[in-house]
Structure formats: structure tokens, C-alpha cells
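All chains, please: the whole structure from these sequences, using the hints.
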Amino acid sequence: MIQEQELKTFVEGTTNYFEVAAQQPASIGSPYLVTEGTPSCHEYTGMISITGKREGVVYFTAPKAMLTVLLMKMQESDFSHETMRDLVGEVANTISGNARKDFGRDFVISVPSVLAGERPDIPTQAGMRSFVIPINWRSHSAKLIVALK
Amino acid sequence: MKLMIVDDSNIMRRRIERSQQFEELELVGTACNGVEAIEMFRKMDPDVVTMDLTMPQMDGIECIENIVKIKPAVRILVISALADKATAVEAMEKGANGFLNKPFTDRQLNEAIAELIR
Chain A
0 MIQEQELKTF VEGTTNYFEV AAQQPASIGS PYLVTEGTPS CHEYTGMISI TGKREGVVYF
60 TAPKAMLTVL LMKMQESDFS HETMRDLVGE VANTISGNAR KDFGRDFVIS VPSVLAGERP
120 DIPTQAGMRS FVIPINWRSH SAKLIVALK
Chain B
0 MKLMIVDDSN IMRRRIERSQ QFEELELVGT ACNGVEAIEM FRKMDPDVVT MDLTMPQMDG
60 IECIENIVKI KPAVRILVIS ALADKATAVE AMEKGANGFL NKPFTDRQLN EAIAELIR
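Protein sequence lines correspond, in order, to chains A and B. 104 is the number that numbering that gives the first Met the number 0 gives to position 105 of the first sequence; each next residue is one higher, with no gaps. 112 is the number that numbering that gives the first Met the number 0 gives to position 113 of the second sequence; each next residue is one higher, with no gaps.
No lab work stands behind these hints: they were computed from the structure.
Per the computed footprint, the stretches of chain B lying under chain A, defined by three or more beta-carbons under 8 Å from a beta-carbon of chain A, are:
(1) 1-9
(2) 78-85
These stretches of chain B come out as covered by chain A in the derived footprint (C-beta under 8 Å, 3 or more residues):
(3) 50-61
(4) 101-114
We put the CB at the ideal spot given by N, CA and C, even for glycine.
In C-alpha cells:
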């Protein structure tokens, strides 16, 4: 089960990502625990599997409209489906990789995989509970979901 | 000087190419994993490489080890999200010359490259 301080690592990582990569801070809502089922997702979801000292998944899910603006802020001119997939994977990878600053190198992250649709098949295990970190950026909403054992 | 960019993200490869401001650097190739990078390295013989670490097929650490064996004088800047100190130390021990954490600003990228080619 994830501790409050560990959750803070992901909140800080998310804040830093938008400040630096998007050059515009996001407003991060209070994290909450999903008590029933799996959290709903947006159109694009980038997922990182965690192994080593901890086990679980970290995923970033966002709507196409938000990703389009994010790409524009990054001076990208390609807004194809492939680029959207690339971006959600890269966001999930960056936030998860940054978490190693606190978790250490035994927090082993996979390469990103990208899931489609609003009910993607997220691999979960017994004893793993999902925390949702709400992200509001410009007029858009996204989520970082952290499920660790 | 010839530049090669290695990253499994297309967006990141384009971003590094677009943001680097050094006229003396000529982009000669890009690769999306370590295996492709070694092949490209042998063919294009770059002087400067930016290297991601978390990649499919062959990760950046193993790739650094390989390309340093091919050309010990190559200058390698690791650009990675992995923010723990042990990973940075390992990359430098294998032959990297600099380490830049993602996410980064254009200024941070250019300062890191300047440090590398100085």
C-alpha cells in the first residue's frame, strides 16, 4: 500500500512535468483512493509497470484535446494518433522515472505501453489499491493513477 | 561535429533536434533503441550522442558500454527521466560524459550540450 509521502513524490513529479515541459503549471487536486472497481480513463493512457522493490502500475490518462495543446506548447506540429500515444507514454515514463529520486534504483520502471479507450484493461493484483491524482491544466482534466503494492 | 540522438520517443528525438542551438553540430542519425543505435553508430561515426536510458530491446546503459568500446573519444550526454543518483553514477562509469534529467528546458539542454562539447 502506498504511503502519503510516496504519493507526494508523484504529486511533485506531476507538478514539475507541467511546469517544465509545458511551461505552464497545472493545478493538482487532492489525491483520492478508488474504493470500487478501476478508475475511469480518458482517450489516451500511457502505462508504466513497476517491478523490483515495489510492484504495480503508474499510468497517465488524458483526453486528446489536452494532449493537442500540450504538443503545441512543446512546439510540435504533428498531432497524429501515433504522436498522442507517444506523448502519454512519455509523460508516464518521465513522472515514474523521476520518482526514483525518492524510491531509489530498485524502483524498476518498464518502457511505456499505451492503452486505448475509456475502460482500458489495466493489470491489477490483489492488495493493490489505486490512488488518483487529479490534474487540471488550462481548461482540461487528466489523471495520474498510482497503484503499488 | 556529428550528432546522433537516441530515444524511444519520437517527440523527444524531434524536441532535442529542434532545441539544440549549436551550428557546429550536424545531425547524422536518430535511433529508437540501443540495438538500432549501435548499428547507426557504426555507419555514421558520430562525435556526440544524446542517449535515453529506458528503451526497448537494449537499454541506454548497455548501449553506452558498446559504443564507447567502438569509439572511446565519443561524447555522450544521457537524457533520461531516471532521477536516482545511482543510475547517473553508473552511466558515467560506463562512459557517459553528462547527465540531464527529463523534463528539461531548452536552456538546460543547451547548457548540458555546451558542457559536453566544450
